[in-house]
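Undergrad: The listed protein sequences correspond, in order, to chains H and X. Heads up: the first sequence begins at 1 in my numbering, then just goes up one per residue. Heads up: the second sequence begins at 303 in my numbering, then just goes up one per residue.
Just so you know, these hints were derived from the structure itself, not from any lab. Note that the structure is a prediction, hence the values are computed from the model and not measured. Don't take each hint at face value.
30 Å max Cα-Cα, derived BS3-like pairs, lysine-lysine [to be verified]:
#1 Lys148(H) to Lys501(X)
#2 Lys148(H) to Lys333(X)
#3 Lys2(H) to Lys492(X)
#4 Lys42(H) to Lys501(X)
#5 Lys195(H) to Lys148(H)
#6 Lys42(H) to Lys492(X)
#7 Lys148(H) to Lys492(X)
#8 Lys2(H) to Lys374(X)
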Amino acid sequence: MKCSEIVEQFPFHSYGEVSPEVEERIESHLAECAECRAAYAKHRSFMEALDRREDANEAALLTTCRIDLRRQLAAEGTRRAHVGWFENLRDFSRFHVPLRIPVGAMALVALGYFGARYTPEKFGGIRAGLTQPMFSNVQSIEPETSGKVNIAVDEVQRRVVTGSLGDPRIQQLLLDAVREESNPGLRVQSIGVLKNSADSEQVRRALIDAVSHDPNAGVRLKALEGLTSYAGDADVRKTLANVLLKDDNAGVRVRAIDVLTSHHDDSIVGILQDVMQKEDDGYIRTRTRDLLETMKASVGTY
Amino acid sequence: MHDAAAGTVSALLATPIEELDETALIRMAQKGDQEAFERLVREYDQSVLRLAMNLLHSPDEARDVYQEAFLKVFRNLHLFRFDCSFHTWLYRIVTNVCLDHLRRRKVRKEESTVVETPDGPVDQVSRIAQEGATGNPERQTWNRELSAGIRSALEGLTPRERTVFELRHYQGMRLRAIGDVLGTTEEAAKNCLFRATQKMRASLETFV
């Protein structure tokens, strides 16, 4: 081996990444060549200098990271509990059999063939398909010396799902949309559709949850509309009472009075009297007073 | 087959978790056992965080990498088929997340770790390192200067070179394993390490 070839091997030699034959050749060359010995000594001091790097003491950071991760995992668990039928489809892929890939491929071909032929027209089931164009987001570009280029692309595919409101899978998608934190418009739309199915316990729960916790007043108003026919339900009335006393939006409180009073129930007298004590909005106070007088209840407790 | 699988799971459940080996922990975590998953995290998270800190030189970004990487592991653990070691699989995820951060940073230029404080500018990474420093003050000063030199030299490498160098030199990983982690060949990892070492030596000439 020439001196230049020996020097090129120093990094790999010092990491123990050369074959025993190469190692032997390097060592016998070093024994004979003073110039390469000096170069090797310099390489060793470079390696030792690298080892004197002060590593960050990450103990405190590690504790914070662990706490954050635990919190995120808990949130993940909650999210998973709500994902519904899409997750079940994904679970199907967890089965591990030796012929998984060929069987899976054949199943996909068969599904595509029969699905395209029969599903939409003859059975009226859910129609799903990919729409073009596909949305993509280039994350990084890395040219290679060979002239090729590596491009990392995040892709999002939009799928149109069609089905009747009575279909539990469609309902689940709408319920997922109600929890779509980043898009209040979508929440209003999904509640607007779901409110017609409030006879389902799950839907009613979602509406109650939206009325109580959604940060957007428009979404809360839409959810209140859906609860109108259930004004007699104990849970709904309790929620409405809370809205009346605590919601910071006067329009939502007015709507809550409307719904609450659409069902005759003397048990709301106490709530209305509380409202008279706490309410600042003149219109709501007038409405509440009128209601209390209609119910022949005292309005003078405030 | 179903009974056999059920038997295995029952046997796993009957064993105290601290006595389970890695394979058993992975299987339990795949079944949704959060405690098993947390034990797996504890096995590796310190070295993952150290790698992220050393590659990115930013506590905030290292924290993001930690969360992002382990959440990906959590979401995709059911896809792990034991056809490589868990360490390789995990590091594949971690290095990809780190590389994404490094590449994004290349686009918006390297972020400085220096922050302004009422007492003047302070390097966040040096500050963390200094918290644990003891001994000879002169040596500490020299080590700090050398550390800054090494950090600056590392920043002169491409994201891939930096990752290969960090994994080989500071994490002691074999080139073959680095190739597996980065989805490339041992030879390509070797070439990358060679380029990185040459650049590092040129940058640190004054310290050697």
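Undergrad: Decide, hint by hint, whether the structure agrees.
TA: Taking the hints in turn, this is what the structure says about them:
1. Lys148(H) to Lys501(X): holds, 24 Å
2. Lys148(H) to Lys333(X): violated, 42 Å
3. Lys2(H) to Lys492(X): Holds, at roughly 20 Å.
4. Lys42(H) to Lys501(X): Roughly 15 Å separates the two Cα atoms, so the pair holds.
5. Lys195(H) to Lys148(H): With Cα atoms ~54 Å apart, lysine 195(H) and lysine 148(H) exceed 30 Å; violated.
6. Lys42(H) to Lys492(X): holds, 21 Å
7. Lys148(H) to Lys492(X): holds, 20 Å
8. Lys2(H) to Lys374(X): Between lysine 2(H) and lysine 374(X) the Cα gap is close to 48 Å, so the pair fails against 30 Å, i.e. violated.
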